[in-house]
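Asks: Sequence:
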Amino acid sequence: MEKSQFLKEIRVYLEKAYLNLNPVEIEDILRDYEEYFRDGINEGKNEEEIVESLGSPKAIVDEMVKSDIEDGKYTREDFSTFFEEKERILDPKKIKIPKLEVNKNMKKTASKMLTVLFDIMYFPTVFFIGIPTILITLMTFTALPYFATTFGVINQSKMLLIFPIMLIIGSLILEGLLLKLLVKLGLKLNKRVFNSKSKTDE
33 MEKSQFLKEI
43 RVYLEKAYLN
53 LNPVEIEDIL
63 RDYEEYFRDG
73 INEGKNEEEI
83 VESLGSPKAI
93 VDEMVKSDIE
103 DGKYTREDFS
113 TFFEEKERIL
123 DPKKIKIPKL
133 EVNKNMKKTA
143 SKMLTVLFDI
153 MYFPTVFFIG
163 IPTILITLMT
173 FTALPYFATT
183 FGVINQSKML
193 LIFPIMLIIG
203 SLILEGLLLK
213 LLVKLGLKLN
223 KRVFNSKSKT
233 DE
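Numbering (the numbering used here), first residue to last: 33 to 234.
By construction, these hints were calculated from the structure, which means they are not laboratory data. Certain hints may be false.
With a cut-off of at most 30 Å between alpha-carbon atoms, the simulated DSSO-like pairs for lysine-lysine come out as follows [said to hold, decoys possible]:
hint: 1; residue 1: Lys48; residue 2: Lys90
hint: 2; residue 1: Lys90; residue 2: Lys35
hint: 3; residue 1: Lys223; residue 2: Lys144
hint: 4; residue 1: Lys77; residue 2: Lys35
hint: 5; residue 1: Lys144; residue 2: Lys105
hint: 6; residue 1: Lys35; residue 2: Lys105
hint: 7; residue 1: Lys98; residue 2: Lys35
hint: 8; residue 1: Lys223; residue 2: Lys212
hint: 9; residue 1: Lys220; residue 2: Lys144
hint: 10; residue 1: Lys48; residue 2: Lys35
hint: 11; residue 1: Lys77; residue 2: Lys90
hint: 12; residue 1: Lys144; residue 2: Lys40
hint: 13; residue 1: Lys105; residue 2: Lys48
hint: 14; residue 1: Lys105; residue 2: Lys77
hint: 15; residue 1: Lys144; residue 2: Lys98
hint: 16; residue 1: Lys90; residue 2: Lys40
hint: 17; residue 1: Lys90; residue 2: Lys144
hint: 18; residue 1: Lys90; residue 2: Lys105
hint: 19; residue 1: Lys216; residue 2: Lys144
Here are the in silico distance ranges between beta carbons for each label pair [unchecked claim]:
hint: 20; residue 1: Glu80; residue 2: Tyr106; range: 29 to 37 Å
hint: 21; residue 1: Lys220; residue 2: Leu199; range: 25 to 33 Å
hint: 22; residue 1: Ile101; residue 2: Asp60; range: 16 to 24 Å
Given the structure is predicted, the values throughout are model-derived calculations rather than measurements. Note that beta-carbon positions come from the ideal geometry of N, C-alpha and C, so glycine has one too.
Please put together the full structure from these sequences, using the hints given.
Replies: Listed below in structure tokens is the structure:
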């Protein structure tokens, strides 16, 4: 550390400690250190060596404050601001870290966009797959007598038609239930998303 930086830091710490007590004292102390540097340079020392022999500016001012209190020149209450600043620096719990707040409007917009995107992809897929499947099954059911006549099944045994009919009816019921379940699931997911957003807004 060079002389200019050392004196600058000394001034900063002195002003924190003594500015409200005796500003003149600050200038007197700085002049003393200026003189100390001149004497050291005259003795052949460089600025770094002089700074190293003096110690850190903060430690120097801390010692000055402690000495003035012990000598009765000032009381600890006189340095209340200085000690509060010092304790705040030493105690991480007292350091206030600014919290990053998420923009609520952006959050709402993003949530709405995701919900709309989900609806656009989900419901058409359910209906485009479910409804044609049901229609194909119905068409198969209505065409069953035609196929039976074509292949001569009716003339052989009407009992042979019961199993395909039961299978088709069962398929229709299952497809209808599955379509209903998928629609309910989509609506339930939408409801959950909007409910969670309303709670967040509150």
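Asks: Given the hint that Lys48 pairs with Lys35, does the C-alpha gap stay at or below 30 Å?
Replies: Within the cut-off at roughly 20 Å; holds.
Asks: Is it true that the CA of Lys144 sits at most 30 Å from the CA of Lys40?
Replies: Roughly 55 Å separates the two Cα atoms, so the pair is violated.
Asks: Is the straight-line distance between the alpha-carbon of Lys144 and that of Lys98 30 Å or less?
Replies: violated (62 Å)
Asks: Is Lys98 within 30 Å of Lys35, Cα to Cα?
Replies: Distance ~24 Å between Lys98 and Lys35 Cα, so the pair holds.
Asks: Can the restraint linking Lys105 and Lys48 be considered satisfied, given a maximum Cα separation of 30 Å?
Replies: holds (17 Å)
Asks: Does the alpha-carbon distance linking Lys105 and Lys77 stay inside the 30 Å limit?
Replies: violated (34 Å)
Asks: Is the straight-line distance between the alpha-carbon of Lys90 and that of Lys35 30 Å or less?
Replies: The hint holds at about 15 Å.
Asks: If you draw a straight line from the CA of Lys220 to the CA of Lys144, is it 30 Å or shorter?
Replies: holds (15 Å)
Asks: Measuring from beta carbon to beta carbon, are Lys220 and Leu199 in 25 to 33 Å?
Replies: Once the Cβ atoms are compared, 31 Å apart, the range 25 to 33 Å for Leu199 and Lys220 holds.
Asks: Given the proposed pairing of Lys35 with Lys105, does the C-alpha separation stay at or below 30 Å?
Replies: It holds: about 29 Å lies between the C-alpha atoms, which stays within 30 Å.
Asks: Would the pair Lys77 and Lys35 pass a check requiring their Cα atoms to be no farther apart than 30 Å?
Replies: holds (12 Å)
Asks: Under the criterion that the straight-line Cα-Cα distance not exceed 30 Å, is the pair Lys48, Lys90 satisfied?
Replies: Status holds; Cα separation ~11 Å.
Against the hints set out earlier in the document, violations occur for numbers 5, 12, 14, 15, 17.
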